[in-house]
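Protein chains in written order, with my numbering: chain A, 50 to 301; chain B, 6 to 221.
Just so you know, these hints were derived from the structure itself, not from any lab. Among the hints, erroneous ones may be present.
[As the list claims (entries may be wrong)] Derived SDA-like pairs: lysine to any residue, alpha-carbon spacing no greater than 20 angstroms straight-line:
id : chain 1 : residue 1 : chain 2 : residue 2
1  : A       : Lys131    : B       : Thr136
2  : B       : Lys147    : A       : Tyr191
3  : A       : Lys78     : A       : Arg258
4  : A       : Lys127    : B       : Tyr123
5  : B       : Lys162    : B       : Val197
[Unchecked claim] If you want the ones that stay clear, here's a sample from chain A, every Cβ over 10 angstroms from chain B, calculated:
id : residue
6  : Ser51
7  : Ser76
8  : Val118
9  : Gly122
10 : Arg176
11 : Leu178
12 : Gly183
13 : Ser185
14 : Asp226
15 : Leu240
16 : His252
17 : Arg258
18 : Tyr271
19 : Glu277
Note that the Cβ used here is the ideal one computed from N, Cα and C, for glycine as well.
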Amino acid sequence: MSKELLKICNFSKTFGDLAVLKDISFSVKEGEVVSIIGPSGSGKTTLLRCAALLESVEKGDLSYGDLQVCVQGVYAGKNVLKDAKNRFGFVFQNFHLFPHYNVMENVTKAPLLVQKRDKKEVEEMARQLLKKMGLSGKENSYPCELSGGQQQRVAIARALAMKPGILFFDEPTSALDPELTQEILKVIRDLAEEKMTMVIVTHEINFARNVSDRIIFMADGYIVEEGEASSLVDHPQNERTKEFLAFISQKG
Amino acid sequence: MDYASMFSELLKGLLVSVEIFFLTLLFALPLGLLIAFGRMSKNCIVANIFRVYISIMRGTPLMLQLLVCFFGPYYLFKIPLASSYRFAAVIIAFSLNYAAYCAEIYRSGIQGIPAGQYEAAGVLGFTPVQTFFRIIFPQVVKRVIPPVTNEVITLVKDTSLAFSLSVMEMFTMAKQIASAHTTMIPFVAAGVFYYVFNFLVAFGMERLEKRLDYYR
Ligand SMILES: Nc1ncnc2c1ncn2[C@@H]1O[C@H](COP(=O)(O)OP(=O)(O)OP(=O)(O)O)[C@@H](O)[C@H]1O
Ligand SMILES: [Mg+2]
Chain A
50 MSKELLKICN FSKTFGDLAV LKDISFSVKE GEVVSIIGPS GSGKTTLLRC AALLESVEKG
110 DLSYGDLQVC VQGVYAGKNV LKDAKNRFGF VFQNFHLFPH YNVMENVTKA PLLVQKRDKK
170 EVEEMARQLL KKMGLSGKEN SYPCELSGGQ QQRVAIARAL AMKPGILFFD EPTSALDPEL
230 TQEILKVIRD LAEEKMTMVI VTHEINFARN VSDRIIFMAD GYIVEEGEAS SLVDHPQNER
290 TKEFLAFISQ KG
Chain B
6 MDYASMFSEL LKGLLVSVEI FFLTLLFALP LGLLIAFGRM SKNCIVANIF RVYISIMRGT
66 PLMLQLLVCF FGPYYLFKIP LASSYRFAAV IIAFSLNYAA YCAEIYRSGI QGIPAGQYEA
126 AGVLGFTPVQ TFFRIIFPQV VKRVIPPVTN EVITLVKDTS LAFSLSVMEM FTMAKQIASA
186 HTTMIPFVAA GVFYYVFNFL VAFGMERLEK RLDYYR
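The following block holds chain A by itself, in its conformation from the complex (with noise of 0.2 angstroms):
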């Protein structure tokens, strides 16, 4: 049996009056893909958004491995929360990469100053990640300088770079061109068969059909259906989700 990295039970979340996330639980293992698909506005960014502690939620519970973040709505101190941080890493749809810092920078600095690693061992990482990433040659390049689907690469590795033991995607392709975007789902499959532990929203269906182990399903703030991945998206059980993937489909 692998171990839990990630559990989340119960979570609810509101913004002012419109309820977002309603009674959602879920859990990932170690080494599992798990993608999570819906329609616009269904609430997946907000749940990656709460999982990572950009957004607290009112009720739920929250843990990494053996640490509680969150309490049926109430947080963990400080420290717990810094601990929690060093577990996951989080890549955004826009990159949001340092833009005064050159590639070597955006990786090399967190591990540096947050974590207080060697420098020497921090670059010798950095290289190998950058290398992994086909950016041998850009360490000194300014993100302004690369294109959409390098900066999402050096996203990547950035968040790589803090040994996160999860690492959660939310639709890492949606700012590209669908050729980038091809790049980028090449990175993310290398990934899943080192067995790197992922959490993916995406509304790319048949990668996520090929690339996760599982997938979940959400709609209007509830997870409708989950399953496993090929199953969910080739016998779905639920009306919402038939209709979902019809509509998706039938757009190409």
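Please arrange chain B with the ligands on chain A, whose structure you already have, making use of the hints.
Just chain B with the ligands now, with coordinates in the frame of chain A:
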């Protein structure tokens, strides 16, 4: 009066103007950041205090503020006016005034940084202080250079307002020489000096802007 001694008097005045200029920047630039923080405070009492401060500093003439700074201690607290306080009063008034303008420039610079920068830094575990000084502030500096340049250039010319407290800066000197010798020349010369001073300032700021041009 021969030209040589006229120029040497004016240059002495210019030195005082330069002194006012640099001392004002030295105090106003950092003070402006503190005021900007106060203005952006989540505590709305604090935010409003700074809002009113900025509004008064921007809404009343600098010359009036100079006079209040110099005579205020006497009229309010009966502290005897020392002539040596003149220069200090000028620096205090200029710094307080310019800090208010800088604060608003910084504030718009800080608020213009996309929320994504804070979020990216946050998920990487940067503390709020690290986030501000490593991620946000360097980007703010780049953004505020053009508006700050405007203020700095205005400051060069505003140093002449110190004449209202009879501080011997260049404009005061020029006026004295002109009325004593009934000649326009000191004004013309002072004008040229101000212009050259500003030219150098603008040149320096442009260089700084170029140096930060390596990223967008
Ligand atoms: N900061 C916010 N303030 C108020 N409402 C918000 C905020 N963020 C999201 N919402 C609302 O919450 C709902 C869910 O948004 P969310 O971004 O999580 O959806 P999503 O499933 O990621 O959609 P998409 O596929 O378009 O990215 C939407 O109705 C949205 O308008
Ligand atoms: Mg979204």
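- Task: State the violated hints by number, sorted upward, taking the hints as numbered earlier in the document.
- Result: The structure conflicts with no hint, since it agrees with every one listed earlier.
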